[in-house]
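Chains as they are written, first to last, in the numbering used here: chain Y, 1 to 350; chain X, 1001 to 1350.
By construction, these hints were calculated from the structure, which means they are not laboratory data. These figures come from a predicted structure and were not determined experimentally.
If you want a taste of the chain X side facing chain Y, the calculated C-beta under 10 Å gives, among others:
1. Phe1068
2. Thr1077
3. Gly1293
4. Thr1297
5. Ala1338
6. Val1341
7. Pro1345
Here are a few chain X residues that sit away from chain Y, every Cβ distance over 10 Å (derived from the structure):
8. Val1040
9. Gln1042
10. Pro1045
11. Glu1046
12. Pro1141
13. Met1153
14. Arg1163
15. Ala1167
16. Arg1168
17. Gly1172
18. Pro1256
19. Tyr1273
20. Leu1314
21. Gln1318
22. Val1323
Glycine included, each C-beta is placed from N, C-alpha and C at the ideal position.
2 protein chains.
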Amino acid sequence: MKWSWLLRYVGLAALVPALLLVSSAGRSADERLVDRARKVFQPLPERVPSPENPLTPEKVALGRLLFFEPRVSVDGTVSCSRCHQPGLYSTDALPRPIGALHRANPRNAPVIFNAALQIAEHWRGDRESVEDQATQALVGPASFGNPSYEAAMARLAAIPGYRELFARAFPGPTDPVTPENWGKAIGAYERTLVTPSPFDRYLEGDEGALTAEAQAGLRAFMQLGCAGCHNGAGVGGGMFQKFGLVEDYWKETGSPTPDKGRFDVTHADADLYVFKVPILRNVARTPPYFHDGSVATLPEAVRIMAKVQLGQTLTDGQVRELVAFLDSLTGPLPESFATAVALPPAGFRP
Amino acid sequence: MKWSWLLRYVGLAALVPALLLVSSAGRSADERLVDRARKVFQPLPERVPSPENPLTPEKVALGRLLFFEPRVSVDGTVSCSRCHQPGLYSTDALPRPIGALHRANPRNAPVIFNAALQIAEHWRGDRESVEDQATQALVGPASFGNPSYEAAMARLAAIPGYRELFARAFPGPTDPVTPENWGKAIGAYERTLVTPSPFDRYLEGDEGALTAEAQAGLRAFMQLGCAGCHNGAGVGGGMFQKFGLVEDYWKETGSPTPDKGRFDVTHADADLYVFKVPILRNVARTPPYFHDGSVATLPEAVRIMAKVQLGQTLTDGQVRELVAFLDSLTGPLPESFATAVALPPAGFRP
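Isolated chain Y (complex conformation) (with noise of 0.2 Å):
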């Protein structure tokens, strides 16, 4: 109607430059969004590498044989793939993991790919790094269930060929075989983890590899303020917040029971209901949702954020933009966790 109007009183040839104006401004508008986005997020590294943990190829070599060790839990049952599967983008797809001797995980299982990037580990972030993380894993008991450091040690010395790889990844005169050199090899293998996708070739000058609705969605994402905390390399996992900051998240997550977060880590007033804000890199392949997987579907939990941090009440089509970025995070799953090696032969020791 309005067209008509103005194609009424301007005529054709007064219209096309108007149009081309439009057009023009559309297309500036989409460049102040990949140069405002380059300013909030940034491509994958190839690795994430640590001063304290060199990336050698014999360490990754190892770290990736023992992430998919099951003889070193208590039971013969758990791995790191066992709440970290291949198949469902590092995670269990449960809403909180079931470990060794099936006792159930409080929290769900955060993803492995990129996680090296974040402040710390864990959803409360009481994990300094993935090293710290893959070490204390060994005695956690509903993870691999030992009762000391020492028990998963002579379990790990009693698997013929792993001293040899320890040997090699870890020269010394000091024997090679221990906590910190277990956590050290998956950490490094788990820095090689990083999963590329359209958003990095987006944001390296590609635009075309982000949908329009895609392009609409990262709009909305940096506007409604979801990129004031889902942010950097890992579209999020770089600070703390509360969960719930305009309104109780339990009252949209359902859970029964509010977790308190970081708060029953460091005591702190502050820190009630604070978790570490993941990462979003391949949250569209890791559902179910939240630090308690409360939420079943991206759509929800996209909505659920926006009203319990933002205070926004979003349409459908907000949703279904804010969920074609999201997508837009997928990679592929990288090579060397999708594909298996063989491990040493030899019988779980019970």
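Please arrange chain X on chain Y, whose structure you already have, making use of the hints.
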């Protein structure tokens, strides 16, 4: 000493033809070995066809996904791959697998590779085929643990994407998401998991594919009588046999509770302590050994088999040679088993 004596009396000129004769006799003995072996064993086929379950690419691809799918189990922790792990050559290294709800299975996890070659599945042969095994696992209390097939199918149907894949694999007017089709898809996939090894190359005419020690082991394997049961393409899997033909097996294995084997299935006296003869393909990769995983190492398992089945006490040299032959039955991990594909994203529904 003898040689120098011979040399002195016969002279070098006469010795040359004599040496050639010895060498030629050696070669012809080897030829006889491979010929004899070909009467007892066959190279692996490329896949194991089934008249009841024709192998289509759609079915095999679906079965590959389902094999690694944990969300169909009662607690979301058990996929086929929980007990048949890629890194452990389709076993789990446990004496007896732990399945859903941490329930212990009664017997050691059999290998999946080449399993479709067998007369029946499971240690007692109480699963007709790989298809039957996969279907029944859905409701096995210690495997997937579902209370009913309906419950299992409801879990499967709740994962978006599978209905479409089932429809493509099983075209027709009826609902394709059935326990039978679950079994057929997984069975079709398993029928592609064959693991050709140096022994197949040997049988096909490349005599250098087996070391001299492995050839000596092969000769002993046939002469001692092992091949009386462990024969065919699977080097086993073709018949039932009593474990402990000559003496009670548990006296050697140390098994705390004798398992009556097939007797508990058929209740026929002749089936007391009778088990399916396991295939020995990749046996060097799949400790611990026997139906109850009671023996940790392959040399020990070989020694016990000779004792309780054949009444023979092997020398260390014989054990080494037999193990060298068994080593030649190890093939590389099948690519479609070692390479993970992403499963349709959805959280487990408790």
